Amino acid sequence: MNLMRELEAEGLAWDLIYIGRKRMQVERPEKSVPRVRNLVEADYSYWTLGYVLSLRGARKLLAAEPLAKMLPV
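Counting from 238, one number per residue, gives the positions in the sequence shown under our numbering.
For the record, the hints were derived by calculation from the structure and aren't laboratory data. Owing to the predicted nature of the structure, the values given are computational and were not obtained by experimental measurement. Heads up, some of the hints might be wrong.
Unchecked claim - Okay, the calculated beta carbon distance ranges per label pair:
1. Lys297 x Met241: 30 to 38 Å
2. Glu267 x Asn239: 18 to 26 Å
3. Glu302 x Asp280: 20 to 28 Å
4. Pro303 x Lys268: 25 to 33 Å
5. Met307 x Ala246: 35 to 43 Å
6. Lys268 x Ala301: 23 to 31 Å
To be verified - Straight-line alpha carbon distances no greater than 35 Å define the calculated DSBU-like cross-link-like pairs of lysine-lysine that follow:
7. Lys306 x Lys268
8. Lys259 x Lys297
9. Lys297 x Lys268
10. Lys259 x Lys306
No residue lacks a Cβ here, since even glycine has one placed at the ideal position from N, Cα and C.
Construct the complete structure from the given sequences, taking the supplied hints into account.
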């Protein structure tokens with residue numbers, strides 16, 4: 238996967254990368270990540286098609302104890 242090689246080459250720390258998503262705010266452009274093709278700092282999204290989660294990102298999510306904060310809908 239070229240994206241992962243580029244991230245590794247740049248030494249960028251990341252927690253979550255959207256693979257595909259529907260942007261909510263389209264009036265202003267998102268900030269591109271320097272020297273990494275097709276990667277931006279994402280703003281709010283309606284939905285996502287997929288994502289990549291780093292081990293550090295997974296640990297952050299679990300540390301937030303999401304299952305203890307779920308509400309029935």
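Measuring from beta carbon to beta carbon, are lysine 297 and methionine 241 in 30 to 38 Å?
Check failed, 19 Å falls outside 30 to 38 Å.
Are lysine 297 and lysine 268 close enough, with their CA atoms no more than 35 Å apart?
Given that 35 Å is the threshold and the Cα spacing comes to 24 Å, the pair holds.
Status of the given 25 to 33 Å range, CB of lysine 268 versus CB of proline 303:
Given a distance of about 28 Å, which is inside 25 to 33 Å, the answer is holds.
Please work out if lysine 306 and lysine 268 have their alpha carbons no farther apart than 35 Å.
holds (32 Å)
Could you grab the alpha-carbon distance between lysine 259 and lysine 306 and see if it respects the 35 Å cut-off?
Between lysine 259 and lysine 306 the Cα gap is close to 26 Å, so the pair holds against 35 Å.
Outcome of range test on Cβ distance (glutamate 267, asparagine 239; 18 to 26 Å):
About 20 Å separates the Cβ atoms of glutamate 267 and asparagine 239, which means 18 to 26 Å holds.
Within a Cα-Cα threshold of 35 Å, do lysine 259 and lysine 297 meet the stated pairing?
Distance ~24 Å between lysine 259 and lysine 297 Cα, so the pair holds.
If I claimed the Cβ atoms of lysine 268 and alanine 301 lie 23 to 31 Å apart, would that claim hold in this structure?
holds (25 Å)
Just tell me: holds or violated, for the beta carbon distance of methionine 307 and alanine 246 against 35 to 43 Å?
holds (39 Å)
At the C-beta level, are glutamate 302 and aspartate 280 separated by a distance inside 20 to 28 Å?
Because 26 Å falls inside the window, the suggested range holds.
In the structure shown, a violation is registered for the earlier hint numbered 1 alone.
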